[in-house]
Amino acid sequence: MGNPDFKTEFDKLFQHFSEEIAEIRKGRLLGEGRAAKVFDLTDSWGGHPVCVKLYHPHLSELSPIEYKKVQAVTPADEFSMQDRLFTEKFPVSEPLYTDTEDGQPYIVMEKIHGYTLTEINENGGLIVSPTWAELEKLITELNNQRRIVHRDLHPGNIMLQTEQRISSTGRKLSGKLYIIDFGSSKSIFSDNPTLEDFSLTIGNSVIKYTTDHFHVRILKPRTGGDNLFLR
Amino acid sequence: MRIGTAALAELCASLGREPAIVTERGELFLSERSFGAIRLKVPTADYLRFVNELPAEVRPKVMSLVLLDDDKDFQMAVMASVKIREGKTFIRDREVVLV
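As given, the protein sequences belong to chains A and B, one line each in that order. Reading the first sequence from the start, the letters are residues 1 to 231 in this note's numbering. Reading the second sequence from the start, the letters are residues 1 to 99 in this note's numbering.
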């Protein structure tokens, strides 16, 4: 790789990178967070269900504290964490590859066909399977067996993989739950996460993240049943 | 550049199959999910020069080309769904030249 011919040709090849990124940004947006946008690549990648997480270019201009508020781990560490979980058969999207070119970090991963719980809730959907108890078990497994605290777990970061459409199924859906977006996550070493695991200290500043069950509790039905829904 | 454990294992396994395309530059193997593994017969710089000189219409998307470390049994991965029809290589309906 130290070969000057290689470097010349490699640089020449990647001149096309920024054009391709611009093209991707004009495509179908699947989701957007504080740190990144996720675009569908399925068509241009030959029909294979693939998406790309493009991190916001301005992240590199943030101070370390501001950066950690939106992205607690590097994209490479996020990729590694997701790769480990996928290899251990925990329900996450398969990470295919990651790199940084021209100052633009990205992760290419399998696209999950379905909806976030936020989308399902906003459309008045009801998940009849899996149940609330199964979601709770999944989060506990992530914390206690997989030794990872997600720290940004809310209905927008949980997906139901399903072939059903909200509008065509009487709003009753079933499928498989997936956890997405590990940009704020952290590996832990204790058997159970502590409040310390949900905070991050940088110098004199402490960022307190919410615990993994906090935001998803709103999905538990108020009365009776065990279905996943808000009202 | 890092490639996922499962995808890498699948690409490595594809090397045990017959190559889908063989040229003087190298061999293209297709994995179960039709990702491509390219085993080069020429130096990587020469291969990159070849890709750079391809007309834009048939040049593969740079972002789907993954350059691997020197110690692997293949040098390039194509992380898109590659199809071979009548000796020609396609990514969806677009003809490309990969090797």
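Keep in mind that a hint or two might mislead.
[Unchecked claim] Below, computed lysine to aspartate or glutamate pairings styled on EDC-like, alpha-carbon distance capped at 16 angstroms:
1) A:K220 <-> A:E134
2) A:K137 <-> A:D11
3) B:K41 <-> B:E57
4) A:K26 <-> A:D77
5) A:K12 <-> B:E24
6) A:K186 <-> A:D43
7) A:K220 <-> A:E163
8) A:K7 <-> A:D43
9) B:K83 <-> B:D69
10) A:K7 <-> B:D69
11) B:K83 <-> A:E32
12) B:K83 <-> B:E18
13) A:K172 <-> A:E136
14) A:K12 <-> B:D69
15) A:K7 <-> B:D46
These are calculated hints, taken from the structure and not from any lab test.
These are the hints, each one checked on the structure:
For the given pair, K220 (chain A) sits about 11 angstroms from E134 (chain A) by alpha-carbon distance, which is consistent with the 16 angstroms threshold. The hinted pair formed by K137 (chain A) and D11 (chain A) fails the criterion: a straight-line CA distance of about 48 angstroms is larger than 16 angstroms. For the proposed pair K41 (chain B) and E57 (chain B), the alpha carbon gap of about 25 angstroms is over 16 angstroms, so the pair is violated. In summary, the hint linking K26 (chain A) to D77 (chain A) is not supported, as the alpha carbons are separated by about 27 angstroms, beyond the 16 angstroms threshold.
With a C-alpha separation of about 23 angstroms, the suggested pair K12 (chain A) and E24 (chain B) falls outside the 16 angstroms cut-off, and the hint is violated. Taking the CA atoms of K186 (chain A) and D43 (chain A), the gap is about 33 angstroms. The hint is violated against a cut of 16 angstroms. Restraint check for K220 (chain A) and E163 (chain A): not satisfied, since their Cα atoms lie roughly 23 angstroms apart, outside the 16 angstroms limit. Pair hint K7 (chain A) plus D43 (chain A) does not hold up; C-alpha atoms about 31 angstroms apart against a cutoff of 16 angstroms.
With a C-alpha separation of about 25 angstroms, the suggested pair K83 (chain B) and D69 (chain B) falls outside the 16 angstroms cut-off, and the hint is violated. Straight-line distance between C-alpha atoms of K7 (chain A) and D69 (chain B) comes to about 15 angstroms, which keeps the hinted pair within the 16 angstroms bound. Proximity of K83 (chain B) to E32 (chain A) is assessed by CA-CA distance (about 32 angstroms); at most 16 angstroms being required, the pair is judged violated. This hinted pair checks out: K83 (chain B) and E18 (chain B) have alpha carbons roughly 15 angstroms apart, not beyond 16 angstroms.
Only pairs whose Cα atoms come within 16 angstroms are accepted, and K172 (chain A) paired with E136 (chain A) is rejected, the gap being roughly 20 angstroms. At most 16 angstroms may separate the alpha-carbon atoms for a hinted pair to count; K12 (chain A) and D69 (chain B) exceed this at roughly 19 angstroms. Only pairs whose Cα atoms come within 16 angstroms are accepted, and K7 (chain A) paired with D46 (chain B) is accepted, the gap being roughly 11 angstroms.
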